[in-house]
Amino acid sequence: MTATTAHAHGDAARPDGTDTPVLQVTDLEVTFPGTRGSPDVTAVRGVSYELRRGEILGIVGESGSGKSVSSLAAMGLLPDYARVSGSIRLHGEELLGLDDRAMAAKRGRAIAMVFQDPLSGLTPVYTVGDQVAEAVRAHNPHFGKAAALARAVELLTLVGIPDAERRHRSFPHEFSGGMRQRVMIAIAIANDPDVIICDEPTTALDVTIQAQILEVLKTAQRETGAAILMITHDLGVVAGLVDRVQVMYAGRLVETGPVDDVYYRTRMPYTMGLLGSVPRLDQDDKTPLIPIAGSPPSLTDMPPGCPFAPRCPLAVEACTQAEPALEQVGAPGHRAACVRAGEIQANGWTARDVYPVPEIGDPPQAAVPREDRTTVLEVENLVKHHPLTRGALFKRRVGTVYAVDGVSFDIREGETLGLVGESGCGKTTTLLEILSLDRPQSGAVRVLGTESGRIGGRERMRVRRDMQVVFQDPMSSLDPRMRVFEIVAEPLRTHAYPKDRLQARVIELLRLVGLEAEHAARYPAEFSGGQRQRVGIARALALEPRLIVLDEPVSALDVSIQAGVVNLLDDLKARLGLAYLFVAHDLSVVRHIADRVAVMYLGKIVEIGEVANLYRHPTHPYTQALLSAIPLPDPEKERRRSHIVLEGDLPNPADPPSGCRFRTRCQKFAVLGEEERTACREREPELRRRVEGAADQAAACHYAERQEPL
Amino acid sequence: MSIATEREAQAPDDIPPAITGRWSSLAKEVLGTPRVVVGLVIIGALVLMAWIGPLFSPWEFDERDFFAFRSPPSAEHWFGTNTTGRDVFHMTMVGLQRSIVIGLCAAVATTVVAAIVGAFAGYYLGPTDRVLMWITDLFLVLPQFLILAILYPVLRGSEWPVFVILLAGLMWMVTAKMVRGMTISLKEREYVLAARYMGVSSGRIILRHILPNMSSLLIVDITINVSGAIILETALSYFGFGVQPPDVTLGSLIAEGSRQALAFPWTFWFCTGLLILLVLAVNLVGDGLRDALDPHSRRRS
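Chains as they are written, first to last, in the UniProt record's numbering: chain A, 1 to 710; chain B, 1 to 301.
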């Protein structure tokens with residue numbers, strides 16, 4: 001029924017009624033039969049869409065929404081036991097039911113795919129050139145070996161592999177993640193496909209690399225004229241790139257339409273929640289994020305009616321009776337599956353009207369000026385070098401990895417310092433050095449005035465009480481063999497908390513982080529990611545610490561869940577007067593939660609300052625590039641922005657460039673005169689206040705100047 | 001500003017749910033697994049049979065029936081008699097006693113030694129690791145025969161506990177290496193780091209976090225070691241250690257019976273059958289334990 005309405009509508013919206021879609025999916029349903037008595041899992045339930053020539057279509061959804069499964073079905077890559085029904089037509093030709101040989105003729109030639117993980121996408125034993133050439137020859141057997149290799153070099157140049165003539169002989173392990181993803185794209189476009197399916201192509205990459213890859217995808221699309229199906233969970237990536245966007249929830253499309261309509265005239269409460277739960281890089285005011293309560297339904301026992309109804313603040317009785325069809329709302333092409341879409345349209349409701357916005361106060365210390373507050377953590381010139389050794393019996397030192405190379409910052413009471421940077425910049429090493437409480441190789445770490453490495457066992461335990469940690473991965477940060485009660489009680493037992501009050505205290509902590517008392521008797525495996533992260537936070541709070549060190553606490557969570565955890569952290573800080581050291585690679589989250597930010601590059605802090613100033617007027621070129629690389633979940637702004645796309649990858653930390661470490665990739669260095677460049681090459685810029693009027697903002701650049709990247 | 005102020009705000013009459021301790025809830029879980037119960041019942045029955053059975057036997061342990069050499073099972077000799085006219089039932093029961101004690105104790109001792117050595121070496125690394133692994137390698141490369149030859153004069157005629165230690169001393173090395181490898185990967189897990197950063201001592205981390213998380217490996221190792229220990233014990237007895245004739249174990253009975261298994265099957269099949277039953281029961285318990293201890297096997301509620 002949904003399908004027929006979709007068709008009638010699709011025809012009307014077509015610019016010139018004759019153009020058949022390149023890829024047409026109708027009523028697609030994918031079921032994985034349950035094994036050993038468990039029920040069947042229906043991952044995709046009646047999805048219909050079409051992709052026209054040269055179009056970029058985004059599919060957005062949280063993990064488990066069926067977005068990847070539906071595209072794997074189109075590629076014929078689902079396992080044999082999956083039951084697929086409906087129809088997938090490529091140029092009007094039915095793909096479902098084709099045997100593997102017939103499908104292989106299509107794959108790579110007419111329809112190609114770029115996967116999320118570039119590490120496992122390439123065979124480690126062949127050179128990248130050979131692998132691209134193989135893709136060429138697979139569908140063009142008449143191509144000679146030399147001709148195919150020449151074409152491979154051409155393709156590698158097209159996707160931006162520098163010096164492809166020589167580097168096509170490299171093996172995949174010699175390439176960085178971003179370079180590998182470029183090779184994957186080269187393979188995908190090798191045969192001029194009509195459709196390229198990109199399954200989270202940038203999720204595993206750093207923001208500056210993500211910006212590069214998105215540029216490459218745009219180039220690839222321009223060169224081949226292919227239609228791109230972009231699957232992602234990142235609403236920012238979609239905003240600037242795609243023409244149309246489809247939102248999936250629990251195996252169905254719940255809203256679809258031109259990107260502007262979906263972002264600015266949202267008609268489905270789930271989409272609203274998604275957009276509202278993303279922390280925004282371009283917003284100064286600290287309004288709480290909008291979390292969506294609950295978690296997605298399990299696909300085995302779906303409630304009758306709208307699958308989002310149990311989490312929806314607008315749910316009425318009609319929602320639980322029948323699943324709403326995807327119907328036109330507002331502008332042509334914009335469709336949503338919500339019985340109250342008309343009402344939302346009529347009243348012009350936005351996310352803030354629909355969802356209850358939590359109230360979050362300010363910490364009591366916020367009123368006290370920063371200089372007068374107690375320093376909770378002070379890091380001075382912290383150094384951590386790892387020796388690189390070679391040889392099995394007699395180890396000789398062949399080099400040094402400068403993981404952390406002179407880092408200084410301090411955190412005052414009730415304050416959050418965000419430590420940001422790309423992977424490999426040394427932020428996690430910094431954090432582990434602080435937590436270890438061992439004497440650093442050089443420099444000093446002082447927690448509440450007590451210097452690490454110069455204290456006895458008793459005092460060490462006291463410092464441990466004051467400083468607790470929350471880790472990134474909620475899967476591995478809780479012992480799977482312990483009940484939640486034991487997990488939360490462990491720090492209390494370690495620090496000799498009175499036994500008779502133990503149980504009451506654990507329950508109190510669970511309530512504090514938004515869990516129930518009966519959760520105490522369960523094992524971590526029985527919780528969702530967000531709940532597990534809450535257990536981790538409860539454990540960190542158990543000893544009433546003054547400082548909590550958070551290592552990417554929300555990066556493993558879906559956005560709607562992430563918002564809840566970020567709000568919880570904000571709320572706890574306000575209520576308990578905590579100080580946070582927040583390590584993250586996501587600058588939007590950091591902007592939302594932090595008071596001050598330190599940006600790290602290759603083991604050094606390149607810029608540090610108060611969050612609003614630093615985000616509005618970054619002075620270091622690297623900060624500017626980082627901020628510019630992050631796509632905003634705002635299509636109009638995103639189209640107007642010009643991104644600074646950094647060249648190349650992070651240099652090898654064992655062999656950092658002389659002088660300023662950033663100069664090899666610096667966009668500013670590129671435009672400097674030869675004379676000015678000498679300073680960058682020869683002198684290492686120290687971290688100090690560079691720009692007049694920007695109080696409390698220091699940058700390590702000889703030529704720092706204010707810029708507005710947003 | 002502390003959480004203590006929050007405490008007042010909460011309703012004091014909250015009824016906390018019943019949260020049972022780690023061990024008692026574990027015991028409940030384990031006893032709820034049918035396989036474990038079946039295995040335990042079989043082991044219990046074997047133990048009862050081994051210790052009580054001889055009391056009902058009309059024949060003494062070293063008594064010979066000169067009128068019935070190699071006679072098949074009958075009302076008089078329940079399991080028949082052997083070449084020298086001794087009662088096979090009584091011998092088998094005594095052998096079962098020895099084998100249960102030695103097999104179970106040696107298996108547990110082996111795994112405990114392996115777990116401790118492996119976990120400490122893997123957790124501390126550095127010099128501790130080097131010393132412990134050096135000892136492990138030494139035990140591995142030195143021929144066991146040589147060790148036995150050296151130890152023979154010292155240990156001759158000693159009691160079974162010494163024998164159990166000797167068995168464990170010959171069997172722990174490979175498991176210790178496996179445990180060390182797993183410890184190295186487990187110690188990087190975030191929950192181990194979290195425990196370390198909250199001030200939990202290294203010993204407690206090993207006992208509470210590292211060893212429980214490799215319990216599947218350890219349990220499987222114990223179950224394999226039970227049969228291994230019984231067989232190794234037979235081999236050692238052959239060299240003159242531990243159980244010496246006229247005393248018997250299941251292993252020595254099997255070794256003797258196997259030579260005449262075709263002609264006089266009762267001298268071979270009863271002891272072999274009991275050994276199989278014992279190992280099977282231990283495996284059932286181990287298998288069930290592993291499932292009961294695995295948090296991932298439970299379904300999400």
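Rather than coming from a laboratory, the hints here were simulated on the basis of the structure.
Take these hints with a grain of salt, some might be off.
[Said to hold, decoys possible] Cut-off 30 Å, straight-line C-alpha distance, at most; resulting in silico cross-link-like pairs (DSBU-like, lysine-lysine): (1) B/Lys187 to A/Lys499; (2) A/Lys499 to B/Lys28; (3) A/Lys395 to B/Lys187; (4) A/Lys395 to B/Lys177; (5) A/Lys499 to A/Lys286; (6) A/Lys499 to A/Lys218; (7) B/Lys187 to B/Lys177; (8) A/Lys145 to A/Lys218.
[Unchecked claim] To give an idea of the interface, some chain A residues facing chain B are shown, with a C-beta separation under 10 Å as derived from the structure: (9) Ser87; (10) Leu90; (11) Glu93; (12) Glu94.
Note that this is a predicted model, so its numbers are computed, not measured.
Think of the CB as a built atom: it goes at the ideal place given N, C-alpha and C, for glycine as much as any other residue.
Here's how the hints hold up against the structure:
A hinted pair counts as satisfied when its Cα atoms are at most 30 Å apart, and B/Lys187 with A/Lys499 qualifies at roughly 28 Å. As the CA atoms of A/Lys499 and B/Lys28 are separated by approximately 23 Å, the hinted pair is consistent with the 30 Å bound. Distance hint between A/Lys395 and B/Lys187 is fulfilled; the C-alpha atoms sit about 24 Å from each other, no more than 30 Å. Of the supplied pair hints, the one linking A/Lys395 and B/Lys177 holds, its CA atoms being roughly 23 Å apart against a limit of 30 Å.
About 41 Å separates the Cα atoms of A/Lys499 and A/Lys286, which puts this hinted pair outside 30 Å; it is violated. Restraint check for A/Lys499 and A/Lys218: not satisfied, since their Cα atoms lie roughly 62 Å apart, outside the 30 Å limit. Using a Cα cut-off of 30 Å, the hinted pair B/Lys187 and B/Lys177 holds, with the two alpha carbons roughly 15 Å apart. Between A/Lys145 and A/Lys218 the CA atoms are separated by roughly 29 Å; this keeps the pair inside 30 Å, and the hint holds.
Among the interface hints, the one on A/Ser87 is violated; its C-beta lies about 34 Å from the nearest C-beta in chain B, farther than the 10 Å criterion. Below 10 Å, beta-carbon pairs count as interface contacts, and A/Leu90 has none with chain B, the closest being about 39 Å; its hint is therefore violated. Annotation: interface hint on A/Glu93 violated; nearest CB of chain B at approximately 42 Å, more than 10 Å. Against a cut-off of 10 Å between C-beta atoms, the interface hint on A/Glu94 is violated, since the closest Cβ of chain B lies about 38 Å away.
Checked against the numbered hints listed earlier, the structure breaks hints 5, 6, 9, 10, 11, 12; every other hint is satisfied.
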